[in-house]
Amino acid sequence: MICPFCRHDDSRVVDSRPVEDGTQIRRRRECPECGQRFSTQEVALLNIIKRSGATEPFSREKVLVGVRKACQGRPVNEDDLVLLAQRVEETLRGTGQAEIEAQEVGMAILAPLRDLDEVAYLRYASVYRNFTSLEDFEGEIALLRALPSSNSSASHSNSPAANAVSNTNMQKIKSNN
12 MICPFCRHDD SRVVDSRPVE DGTQIRRRRE CPECGQRFST QEVALLNIIK
62 RSGATEPFSR EKVLVGVRKA CQGRPVNEDD LVLLAQRVEE TLRGTGQAEI
112 EAQEVGMAIL APLRDLDEVA YLRYASVYRN FTSLEDFEGE IALLRALPSS
162 NSSASHSNSP AANAVSNTNM QKIKSNN
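Just so you know, we're using this note's numbering here: the sequence shown kicks off at 12 and counts up by one.
Some hints could be false.
[Stated by the list, open to error] Here are the computed distance ranges between Cβ atoms for each label pair:
no. : residue 1 : residue 2 : range
1   : Ala-157   : Glu-53    : 39 to 47 Å
2   : Ile-152   : Arg-79    : 19 to 27 Å
3   : Gln-114   : Gln-47    : 45 to 53 Å
4   : Asp-21    : Arg-79    : 43 to 51 Å
5   : Asn-141   : Arg-39    : 24 to 32 Å
6   : Glu-89    : Arg-37    : 24 to 32 Å
7   : Glu-115   : Asp-21    : 33 to 41 Å
For the record, the hints were derived by calculation from the structure and aren't laboratory data.
Virtual Cβ for every residue (Gly too), placed ideally from N, Cα, C.
Construct the entire structure; sequences and hints are all you get.
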């Protein structure tokens with residue numbers, strides 16, 4: 012790394028630590044020539060390959076925009092959406108690939124969105140998977156019913172009505188067993 016003070020073409024790393032949510036590393040460096048210290052931040056690039064073949068940097072904000080549309084009018088708070096976008100990015104970075112197909116981004120969104128709110132999941136899936144008929148919706152609903160859900164939308168809300176729905180559902184489950 013070139014020293015910003017004397018332009019010497021080498022520096023020594025004195026300290027490294029993760030910043031943000033672990034997607035960046037802050038390094039404290041020292042120039043062996045002039046002795047000045049400076050900081051750098053490193054981030055691993057994650058590019059998305061769009062259907063057209065063009066590439067663009069991954070944007071957590073784009074994930075949030077799409078998920079917000081699906082969650083419009085649903086009892087989902089902004090913190091849950093931000094956490095979902097973070098989970099999606101962590102999943103994508105966890106693949107170890109520098110370039111990921113746009114379709115994989117959509118797939119990475121579906122599972123955490125299903126856990127967050129099933130209605131929002133259906134909305135997102137209907138656009139993402141290009142549903143064209145009522146049968147597409149019915150098939151997806153059948154899959155939702157067959158899969159165990161770790162969280163329902165009611166468990167993400169602290170409203171008395173949502174808690175009552177959650178308690179009623181728990182009583183039904185207990186009485187069926």
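Structure-based check of all given hints:
no.: 1; hint: Ala-157 x Glu-53: 39 to 47 Å; in the structure: holds, 44 Å
no.: 2; hint: Ile-152 x Arg-79: 19 to 27 Å; in the structure: holds, 23 Å
no.: 3; hint: Gln-114 x Gln-47: 45 to 53 Å; in the structure: holds, 47 Å
no.: 4; hint: Asp-21 x Arg-79: 43 to 51 Å; in the structure: holds, 46 Å
no.: 5; hint: Asn-141 x Arg-39: 24 to 32 Å; in the structure: violated, 49 Å
no.: 6; hint: Glu-89 x Arg-37: 24 to 32 Å; in the structure: holds, 27 Å
no.: 7; hint: Glu-115 x Asp-21: 33 to 41 Å; in the structure: holds, 39 Å
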